[in-house]
Amino acid sequence: MAPNLALSFPRFSPSPACRHDLMPFSWRRQVEANGEAANGSQSHGNTASINSLSVLMQSCKDFKVAIVGGGVCGLTAAVALAKSNVHAHVFEAAPQFGEVGAGVGLGVRLPILILRALSPNVFPGPNAVRILDDIGVLQDVLECCDEPEVNLRSFIFYSGMADHQFIYDYPLQPEDLGLGVHRAHFLGALVKHIDPTKSHHSKRCVQISEDATTHRPVLHFDDGTSFQTDVVLGADGIRSVVRAAVTGEDARKDVLFSNTTCYRGLIPIEDIRAAGVVIDLTQRPVCFVGLDKHLIIFPIKNGAVINVVAFSTDRSVEIGQANRPESEPWVVPATHEQLLEEYEGWGSDVTKILGCIQSSSKWHIHVVHPPLPQYVKGRVALLGDAAHAMLPHLGAGAGQALEDAHLLAKLLAHPQTTSDIIPSVLEAYDHTRRSRAQMVWDRSVMAGNIYEERGDHGPAIEGVREDLHDLWEPVWRHELSADLRKSVAYLIQRGVFR
Numbered sequence: 001m002a003p004n005l006a007l008s009f010p011r012f013s014p015s016p017a018c019r020h021d022l023m024p025f026s027w028r029r030q031v032e033a034n035g036e037a038a039n040g041s042q043s044h045g046n047t048a049s050i051n052s053l054s055v056l057m058q059s060c061k062d063f064k065v066a067i068v069g070g071g072v073c074g075l076t077a078a079v080a081l082a083k084s085n086v087h088a089h090v091f092e093a094a095p096q097f098g099e100v101g102a103g104v105g106l107g108v109r110l111p112i113l114i115l116r117a118l119s120p121n122v123f124p125g126p127n128a129v130r131i132l133d134d135i136g137v138l139q140d141v142l143e144c145c146d147e148p149e150v151n152l153r154s155f156i157f158y159s160g161m162a163d164h165q166f167i168y169d170y171p172l173q174p175e176d177l178g179l180g181v182h183r184a185h186f187l188g189a190l191v192k193h194i195d196p197t198k199s200h201h202s203k204r205c206v207q208i209s210e211d212a213t214t215h216r217p218v219l220h221f222d223d224g225t226s227f228q229t230d231v232v233l234g235a236d237g238i239r240s241v242v243r244a245a246v247t248g249e250d251a252r253k254d255v256l257f258s259n260t261t262c263y264r265g266l267i268p269i270e271d272i273r274a275a276g277v278v279i280d281l282t283q284r285p286v287c288f289v290g291l292d293k294h295l296i297i298f299p300i301k302n303g304a305v306i307n308v309v310a311f312s313t314d315r316s317v318e319i320g321q322a323n324r325p326e327s328e329p330w331v332v333p334a335t336h337e338q339l340l341e342e343y344e345g346w347g348s349d350v351t352k353i354l355g356c357i358q359s360s361s362k363w364h365i366h367v368v369h370p371p372l373p374q375y376v377k378g379r380v381a382l383l384g385d386a387a388h389a390m391l392p393h394l395g396a397g398a399g400q401a402l403e404d405a406h407l408l409a410k411l412l413a414h415p416q417t418t419s420d421i422i423p424s425v426l427e428a429y430d431h432t433r434r435s436r437a438q439m440v441w442d443r444s445v446m447a448g449n450i451y452e453e454r455g456d457h458g459p460a461i462e463g464v465r466e467d468l469h470d471l472w473e474p475v476w477r478h479e480l481s482a483d484l485r486k487s488v489a490y491l492i493q494r495g496v497f498r
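Each residue of the sequence shown is one higher than the one before, starting from 1 at the first, in the UniProt record's numbering.
Keep in mind that the hints were calculated from the coordinates and are not lab data.
Hints should not be assumed to be uniformly reliable.
Said to hold, decoys possible - Between beta-carbon pairs, the in silico distance windows are:
id, residue 1, residue 2, range
1, R324, G248, 54 to 62 Å
2, G303, D169, 14 to 22 Å
3, E462, G355, 43 to 51 Å
4, P371, Q493, 33 to 41 Å
5, V278, E344, 35 to 43 Å
6, E328, G303, 35 to 43 Å
7, T351, Q374, 28 to 36 Å
8, Q493, P171, 38 to 46 Å
9, N302, G495, 51 to 59 Å
10, E143, V278, 34 to 42 Å
11, D222, R324, 21 to 29 Å
12, E473, N302, 27 to 35 Å
Ideal Cβ positions, reconstructed from N, Cα and C, are used throughout, including at glycine.
Start from the sequences, fold in the hints, and give me the full structure.
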């Protein structure tokens with residue numbers, strides 16, 4: 001018989017009989033520190049420590065959660081749950097926490113200015129910052145930022161052709177500031193708040209079944225072990241295995257080539273200056289607009305390096321009609337000649353910039369499409385790219401993943417949530433999040449159309465400018481608390497909550 005991980009994890013007892021070893025890792029450290037301090041003081045110190053423990057015990061839940069995937073989305077969910085003392089285990093396929101791509105960035109009321117796993121820095125929007133603050137990790141993330149202080153982070157748009165005519169400077173409010181942080185450092189900031197006894201590496205989930213007796217989900221791993229839980233959160237990315245447990249189909253059918261490719265490269269700023277590039281690339285992200293192609297360029301490492309992502313879209317076929325064979329990798333090396341040929345005839349600055357790239361790779365961007373009919377089935381829920389992997393043109397993928405994680409944690413930690421009503425609670429998450437995530441998915445397609453002169457108002461400068469107006473507003477200006485209110489109202493209306 002294959003070993004069962006459930007045997008090595010104690011079943012959660014109903015609140016308030018919460019054991020010290022099952023407390024959130026960061027809280028347990030705090031209580032232990034209080035106790036150590038009390039040992040060297042008067043007896044009232046012990047009383048304070050006991051009182052602190054008593055408060056923490058009250059929020060324990062009678063169920064446990066298994067999170068499949070230890071990337072930004074999965075770890076954010078784990079930390080958010082732990083802060084509310086919900087028992088959560090994280091199962092990561094890799095030997096350690098880490099993600100493809102070089103970075104994640106922070107924006108304060110700012111878009112994620114870059115691409116899911118494509119860039120050295122990703123800049124989450126305002127809600128991402130609020131979420132990180134709410135779950136108590138923002139300060140740790142800020143300490144890892146690329147820049148010592150906040151900077152303006154909105155795009156400046158230029159034509160990619162001829163003399164690079166100015167198109168648009170996306171307007172900002174005084175508080176629209178941003179920070180950049182390396183992806184590995186961002187994950188490191190989250191890991192600080194994860195209990196290592198609840199982190200399981202080299203655990204590649206291959207299937208989810210239902211126990212015939214308890215009717216609870218059982219995770220099966222490629223090493224022959226299994227783990228029974230009350231809730232499964234699938235944060236295992238675009239190639240999700242968990243997705244099959246929700247859709248009932250081969251999860252690979254939901255992932256299609258978007259007909260968009262991009263070349264990625266890094267350039268030292270000295271090379272940019274030596275090439276005679278006129279437009280300043282050291283302060284703000286820049287987008288060069290062109291027909292069926294566009295470039296995203298932004299500074300990293302305090303302006304010492306310029307990141308270049310050059311997109312090209314084949315609009316002669318619908319998404320899914322030009323799928324690549326499964327055996328072909330999504331990322332392949334690209335030659336200097338390929339890159340220059342792709343943008344032959346573009347303006348002088350673009351040509352000079354691309355000429356500076358010594359080494360590049362070509363990415364075939366995939367998406368989850370068509371939209372999933374649900375993110376939830378029974379006690380299993382999808383979040384992040386597993387649910388709604390989207391084009392990177394708004395840079396909103398990571399922010400949407402964090403919004404998913406935040407709402408799920410709030411609902412699972414709600415005082416009225418018990419093990420028996422978890423399927424209904426997950427339905428409320430699906431009811432609230434699926435429509436918004438799909439709106440952002442659709443708007444990301446719209447953004448790519450605008451950048452590549454296919455917007456509603458046409459390819460002329462004035463038309464592109466009109467299409468860019470307020471493009472990010474529905475993504476940036478979203479009230480997180482409204483999601484929780486909507487979900488709770490849904491549960492009250494159905495008699496699940498009182």
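Hint check:
1. For R324 paired with G248, a C-beta distance near 25 Å fails the hint of 54 to 62 Å.
2. A C-beta distance of roughly 19 Å is found between G303 and D169, which places it inside the suggested range of 14 to 22 Å.
3. Checked against the hint of 43 to 51 Å, the pair E462 and G355 fails, with Cβ atoms roughly 31 Å apart.
4. Checking the proposed 33 to 41 Å range against P371 and Q493 shows it is violated: the Cβ atoms sit about 24 Å from each other.
5. Against the hinted window of 35 to 43 Å, the Cβ-Cβ separation of V278 and E344 comes to about 20 Å, which falls outside the hint.
6. Range check, E328 to G303: Cβ separation about 36 Å, and the 35 to 43 Å hint holds.
7. A hinted range of 28 to 36 Å for the beta carbons of T351 and Q374 is inconsistent with their spacing of about 47 Å.
8. Between Q493 and P171 the C-beta distance comes to about 39 Å, which sits within the given range of 38 to 46 Å.
9. The supplied range of 51 to 59 Å is met by N302 and G495, whose beta-carbon atoms lie about 56 Å from each other.
10. Taking 34 to 42 Å as the suggested C-beta distance range, the pair E143 and V278 conforms, at roughly 36 Å.
11. In this structure the hint that D222 and R324 lie 21 to 29 Å apart at CB holds, the actual value being about 25 Å.
12. Roughly 30 Å separates the CB atoms of E473 and N302, a value that falls within the hinted 27 to 35 Å.
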